[in-house]
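> The chain contents come next:
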Amino acid sequence: DAGVTQSPTHLIKTRGQQVTLRCSPKSGHDTVSWYQQALGQGPQFIFQYYEEEERQRGNFPDRFSGHQFPNYSSELNVNALLLGDSALYLCASSWGDTAYEQYFGPGTRLTVT
Amino acid sequence: ILNVEQSPQSLHVQEGDSTNFTCSFPSSNFYALHWYRWETAKSPEALFVMTLNGDEKKKGRISATLNTKEGYSYLYIKGSQPEDSATYLCAFPHDAGNKLTFGGGTRVLVKP
Chain A
1 DAGVTQSPTH
11 LIKTRGQQVT
21 LRCSPKSGHD
31 TVSWYQQALG
41 QGPQFIFQYY
51 EEEERQRGNF
61 PDRFSGHQFP
71 NYSSELNVNA
81 LLLGDSALYL
91 CASSWGDTAY
101 EQYFGPGTRL
111 TVT
Chain B
1 ILNVEQSPQS
11 LHVQEGDSTN
21 FTCSFPSSNF
31 YALHWYRWET
41 AKSPEALFVM
51 TLNGDEKKKG
61 RISATLNTKE
71 GYSYLYIKGS
81 QPEDSATYLC
91 AFPHDAGNKL
101 TFGGGTRVLV
111 KP
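Sequence order for the protein chains is A and B. Note that the numbering used here numbers the first sequence so that position 108 is 108, with each residue one more than the last. Note that the numbering used here numbers the second sequence so that position 11 is 11, with each residue one more than the last.
Derived from the structure by calculation, the hints contain no laboratory data. Just so it is clear, CB atoms sit at the ideal spot from N, CA and C, and this is done for glycine as well. Treat the hints with caution; some may be incorrect.
With a straight-line cut-off of 16 angstroms between C-alpha atoms, the simulated EDC-like cross-links for lysine to aspartate or glutamate are [unchecked claim]:
1. B:Lys69 to B:Asp55
2. B:Lys57 to A:Glu101
3. A:Lys26 to A:Glu101
4. A:Lys26 to B:Glu45
5. B:Lys69 to B:Glu56
6. B:Lys78 to B:Glu15
Footprint (simulated), chain A over chain B, 3 or more residues, beta carbon under 8 angstroms [what the hints assert, rightly or not]:
7. 33 to 44
8. 99 to 108
Generate the whole structure from the sequences, applying the supplied hints.
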């Protein structure tokens, strides 16, 4: 049983560019949440997708957007990249949208130069 | 904005010693508290989801306690081993949804 997978593992982009990160949830899970982890800090919630809709959102600008597909996989898009967007982006999946155990992927390391 | 704090930020432990560290969280509107272990270059791994005041959970040599009235949880590692070296994160969900606010983590390094 595959756990949560994310792609790519690492990514280097230039300021102003756009990036798309991908996540496949654990088998049987229908909810995907995205987190940003800056160096030295705990992960910060970006948004959550359930039933192909954004259900909750953290304190992130509209440059951060996402999508969930019918197979429950998800994408995180970031437009007009800033140096401060350099971080590890984690995807977590769970069953339903209630407060229960979440399973995390290994993350995508984004570096903006 | 919820404030979830962990202390200390880092900990060096001699192999075989026991240790513990703290997560503090808002004591009002409590739903659950999550503990994760995060080893370098791996995915964060769920250790415990704690929901009741006075809860004590155990997984091998790792255990956790919960005090929702005063807003803190302790994680204990008994007889630390090098494989326990990791960052331990606590997370507090907003309401009944699973939007988690994480603490900054406690980085544990167990020296052989």
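> All hints are to be evaluated individually against the structure, with a verdict given for each.
To see whether the hints hold, each was checked on the structure:
1. Between the alpha carbons of B:Lys69 and B:Asp55 the distance comes to roughly 12 angstroms, so the proposed pair stays at or under 16 angstroms and holds.
2. For the given pair, B:Lys57 sits about 14 angstroms from A:Glu101 by alpha-carbon distance, which is consistent with the 16 angstroms threshold.
3. Among the hinted pairs, A:Lys26 with A:Glu101 is consistent with the structure: their alpha-carbon atoms are about 12 angstroms apart, no more than 16 angstroms.
4. Taking the CA atoms of A:Lys26 and B:Glu45, the gap is near 13 angstroms; set against the 16 angstroms cutoff, the hint holds.
5. This hinted pair checks out: B:Lys69 and B:Glu56 have alpha carbons roughly 15 angstroms apart, not beyond 16 angstroms.
6. A threshold of 16 angstroms between alpha carbons decides the hint, and for B:Lys78 with B:Glu15 the separation of about 10 angstroms falls inside it, so the pair holds.
7. Residue count for the stretch 33 to 44 of chain B with a Cβ under 8 angstroms from a Cβ of chain A: 6. That meets the three needed, and the coverage hint holds.
8. For the stretch 99 to 108 of chain B, the assignment as covered by chain A holds, since 7 residues bring a beta-carbon within under 8 angstroms of that chain's beta-carbons and 3 suffice.
Checked against the numbered hints given earlier, the structure satisfies every one of them.
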